[in-house]
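Colleague: Using the hints, put the two standalone chains together into the complex.
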Amino acid sequence: MSLTKAVHPEKYHKLPMRSVLWRNRASYLMMAPYFVLFFFFTVLPVLMSMGLSFTYFNMLEAPKFVGWNNYVKLLLDDDIFIIALKNTLLFAVITGPISYMLCLLFAWIINEFSPKIRAFLTLVFYAPSICGNAYMVWNLILTGDRYGYLNGLLLKLDILSEPILWMQTEKYIMPVLIVVQLWLSLGTGFLSFIAGLQTVDKGMYEAAAIDGVKNRWQELYFVTLPAMKPQLMFGAVMQITQSFAVADISINLAGNPSVNYAGATVVTHLLDYGSTRLDMGYASAIATILFLLMVGTNKLVQKLLRRVGE
Amino acid sequence: MAKLPENISKAPQPIQPPKHRLRAHKRKLNRSMAGNTLLFIVMGICGVFMALPLVMIINNALKPLDEIYQFPPRIFVRNPTLENFSDLFVLMNDSWVPFSRYILNTIIITMGGMLGHVIVASLAAYPLAKHKFPGKDFLFSIVVLSLMFSWTVTQIPQYMIISWMGINNTYLALILPAWSFGMGLYLMKQFMEQLPDSLMESARLQGANEWQIFWHIVMPNVKPAWLTLAIFQFQQMWGNTGSLFLRNEELKPLQFALQQITAGGVSRAGAAAAVTFVIAAVPIIFFLVCQSSILETMTTSGMKD
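The listed protein sequences derive, respectively, from chains A and B. Each residue of the first sequence is one higher than the one before, starting from 1 at the first, in the numbering used here. Each residue of the second sequence is one higher than the one before, starting from 311 at the first, in the numbering used here.
Next up, chain B with everything else stripped away, as it sits in the complex (with noise of 0.2 angstroms):
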């Protein structure tokens, strides 16, 4: 306790500004050296273990051949090249359906599952943030029921009724069902909750309707969470091979024909190391690029009773 009068002159200080950052940091509440010391070795280790596969990709994606099948393994690559990509071209361009139709299809099938559940998600999540009529406690609760279980407990269903509505073997089967994917109505309507109540009146009291309260003044607050939602779907819908539902060859998305390639044994494993290295680089790159939007609507993720 002898340090308490010190930390005590410390307290009422304001908040520094960015430019002191580094100063305030060293001068941070209750910090051991022993403990920093621990905490960075428990950091190092773990890290190096989590990142050693994501390293092993990357390396493995330069490899020339003969690096790939050495004895004993190396995971750093020394001669790297970038043969594997230029095999991975040569067998998009021998592929049965043109390579950029499978990118195209991609591109239709993530733009039409994000664009779709932005809009169809904040559009419901407005109400259950900022209105109260009945009925709105239950509607949310079944929502959050529903990040209780994974999708693979309905699929069996699912597969049915998409059959019955007659969108099976079209782009709308994986598209549609992405619609109501339930953590982005929970994250949006959870952001939505803290936008501030007089923001909404004002705009009342000058004769805006709902709907357009909602385009104008609501929308453009939750940049952050509309980022989040496209991200967070892209992510589920781009490992997706779609092919439960789609049969056509000239439907099917990228992550299938990519698939495709790794599934070619011995002789493509430079291209298949290719192909493991897009899938993974993909999603971490959109990641990358909006981290502060998404750990930004993550501010608000926790559940309230």
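Isolated chain A, as found in the complex (with noise of 0.2 angstroms):
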């Protein structure tokens, strides 16, 4: 690094590419180690996937290519994929801007307690994504029985006269897992509007107010939301992704395969090819329209987020 210093940036440019990359030994050095790794278990993975979704493949015969047929089957074929694909969307659409706005709106509300209520309210926030699979104790809650927790409130509230079998009834499925999912939701992008609320320069508040900024509200809309827009964009990425990845909760909470398949999602519907069926090139074929749908999202919506405030 010393030495690169040394040459002037215009003739930097003009020395030959392996004298560049021999100044820079070390700092390619330095990276070598996690990039490798980083090549092998990620890079290389969905690479690969992408391949494998052109072929057979069952784990013990080499690969047989069979172009797009795989993806034929899966949109044209498969009604399970396309209640899955549905299921996804909707946990998207739904849970992934809620959520987004959740992580927002509880940030911004924790901000204005004092340091130790707002280290508190963060912990109980932020608990619910942390837990593990502690969030099995909503099978308590929807127990279908009188003995569930729901159940036994609703019953005792006279608003029902008979159980209801939660996890066993079609319609009440996706209600109840995006619910649950809500809850498990104020995770990393959380913590960064938390952290990055906490930056804003006090003195723009003052400003603003000289400016004629009448209410918090406004504040929040001229002053907040602009000054932290690089955190935003990063929870926008978070959120995104986790929306598109549900599959625990449903396979925890309603089973795989779920009633009618009312819980299905795309993961779900990958695990059921990759782990039991061991069709690995129609699993694969899912995962890479899993991968392109959740990049695709996502740079669609840093793309809108750009235009904010501009």
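Bear in mind the hints are in silico, worked out from the structure with no lab data behind them. Here a beta-carbon is modelled for each residue, glycine too, at the ideal position from N, C-alpha and C. The reader is advised that the hints may include incorrect statements.
Said to hold, decoys possible - Heads up, simulated DSS-like pairs for lysine-lysine below, C-alpha to C-alpha not over 25 angstroms straight-line: (1) Lys-116/A / Lys-533/B; (2) Lys-446/B / Lys-299/A; (3) Lys-446/B / Lys-229/A; (4) Lys-614/B / Lys-533/B; (5) Lys-446/B / Lys-303/A; (6) Lys-202/A / Lys-442/B; (7) Lys-614/B / Lys-299/A; (8) Lys-442/B / Lys-533/B; (9) Lys-614/B / Lys-303/A; (10) Lys-229/A / Lys-614/B.
Stated by the list, open to error - Label pairs and their computed distance ranges (CB to CB): (11) Arg-146/A / Pro-530/B: 56 to 66 angstroms; (12) Leu-482/B / Thr-276/A: 24 to 34 angstroms; (13) Asn-69/A / Leu-392/B: 39 to 49 angstroms; (14) Pro-97/A / Leu-348/B: 13 to 23 angstroms.
Modeller: Shown next as structure tokens:
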């Protein structure tokens, strides 16, 4: 590095590539361990998944090239995939934006409290997203007989006369899963917002007040949001990726397969083919579609958010 | 706008020292009583909704068996007992593989994952944050891209690669992929970027090489980020039962053994409640201890173009 500094920036571009690489050898060496692992465990798997999606592959014989067959079958012949895709998009469209708004709303309200209360509230709201599969406690709430907490409460209030089999009734499965997913969704994005709010320069609020900002809502819109745009972008990535990947809660609360596949998502369908039926080519096609959906949505939303306040 | 002159008179005041914080809090600009009440109510309702399942986890762990199967169900325990935890210990002692082995496995896997990840990701983050070289933007952009999809997408090929490497059914099958966790590199790089360049420049003038600068100047200055990477890594690894890669019973982590107990049915409901409590409590306690470091790291988490 000290050497590169000595070369005038314009001349630097004229150096032969080999000498540029040699001058920066320390940088490349430092990055090597991470990026070698990153290549083998992230980049290569994505590429392999794309490649395998054009094959029939059962892990025993060598993959056989089948062209677009897997995709054609997925989109035209697989009714369950269509249900799964619909459910995943429903999760993405509902829990994505709502959880994003909730992260922002709660972070903003929490920011109004004194530091001690703020730390406590942060913990309460963030805890569900890190408590592992302890969300299984929802099984107790949703138990289908009279012993379930929700049924017990509704029976006591005379709203129900019979207990409801929440997780075995098709029309309740998705709404209940959406509620549980929202409960779980105040994760890394939420922390980023809390931290971001504290970095907004206090002087800007005072200046805004002088400029005629009258209430907290205007303050939020004109001062706070533009100031924390980088965090808003990061939070969006977190919430979008999470909302497309819903699977564990569906499997553990509604079962896999769930009643009439009402709780199926693209990921549960992927797990079904990848770990139960061992049709890896087909599972890879599902994974590739999921990859394109997630990355495409993220890129699109990034583009939109970049325009905010411009 | 009648308030305006008052606001102006307050504006130029210097930042309040901490002991005056309470008074400064009361004088916050643009805060109406009605707004405060509304937000307080919203916060209260949502707070109860968020906390209720956690409260249930705590209470269930303390309930004697007859209260777990009570009708109508009650959230709060009436005769708290530690019976469930002693049941859990009995079950643990009965297990086929000694329970201490599962705990040791979890310690090896999570410590190996956390330490390696912090070192490998910090090493890569330093040049990305502070050096200029060809390929830098491209490398960082693929890491950012990796934040945009979940690991399920890569699961099948990852399994195949781990088999080819011959590390299937070893601790490394869980540890090595964890080292290249994208979020860690991202957060570390963003955090290192805010270190002043003069810090490194003066070390360079004194003849330090890049490795020395990394180890003696950069690393001591990013301690909050180490903790954050370690905690996030722990959160990722804690819930993993490892059953995809680890077939030998004596290699499996604690999470696997705990989940076996919860699957034990009615007679083990008490112990299962204790297990759920343990599973939830461990990551929450870690977060609680490191909360301020994590939030400090997250202040730089934003995505610049």
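Colleague: Run the distance test for Lys-614/B versus Lys-303/A: straight-line Cα separation, threshold 25 angstroms.
Modeller: Distance of about 12 angstroms is within 25 angstroms: holds.
Colleague: Against the 25 angstroms threshold, does the CA-CA distance of Lys-229/A and Lys-614/B hold or violate the hint?
Modeller: 8 angstroms, holds
Colleague: Can you confirm whether the C-alpha distance between Lys-442/B and Lys-533/B stays at or below 25 angstroms?
Modeller: Given pair Lys-442/B, Lys-533/B holds - Cα atoms ~24 angstroms apart, limit 25 angstroms.
Colleague: Honestly, do Asn-69/A and Leu-392/B meet the 39 to 49 angstroms range at C-beta?
Modeller: Once the Cβ atoms are compared, 59 angstroms apart, the range 39 to 49 angstroms for Leu-392/B and Asn-69/A is violated.
Colleague: Keeping to a limit of 25 angstroms between CA atoms, is the pair of Lys-116/A and Lys-533/B held or broken?
Modeller: 23 angstroms, holds
Colleague: Need the status of pair Lys-614/B, Lys-299/A: alpha-carbon distance at most 25 angstroms?
Modeller: 14 angstroms, holds
Colleague: Could you say whether the range 24 to 34 angstroms given as a hint is met by the Cβ separation of Leu-482/B and Thr-276/A?
Modeller: With a Cβ separation near 26 angstroms, Leu-482/B and Thr-276/A satisfy 24 to 34 angstroms, so the hint holds.
Colleague: How does the Cβ-Cβ distance of Arg-146/A and Pro-530/B compare with 56 to 66 angstroms: does it lie in that range?
Modeller: 60 angstroms, holds
Colleague: Within a Cα-Cα threshold of 25 angstroms, do Lys-446/B and Lys-303/A meet the stated pairing?
Modeller: 22 angstroms, holds
Colleague: Hinted pair, alpha-carbon criterion (25 angstroms max): Lys-202/A, Lys-442/B. Please report holds or violated.
Modeller: 34 angstroms, violated
Colleague: Under the criterion that the straight-line Cα-Cα distance not exceed 25 angstroms, is the pair Lys-446/B, Lys-299/A satisfied?
Modeller: Holds, at roughly 20 angstroms.
Colleague: For the pair supplied as a hint, Lys-446/B and Lys-229/A, confirm whether the alpha-carbon distance does not exceed 25 angstroms.
Modeller: 24 angstroms, holds
Comparing the model with each numbered hint stated earlier shows that hints 6, 13 do not hold.
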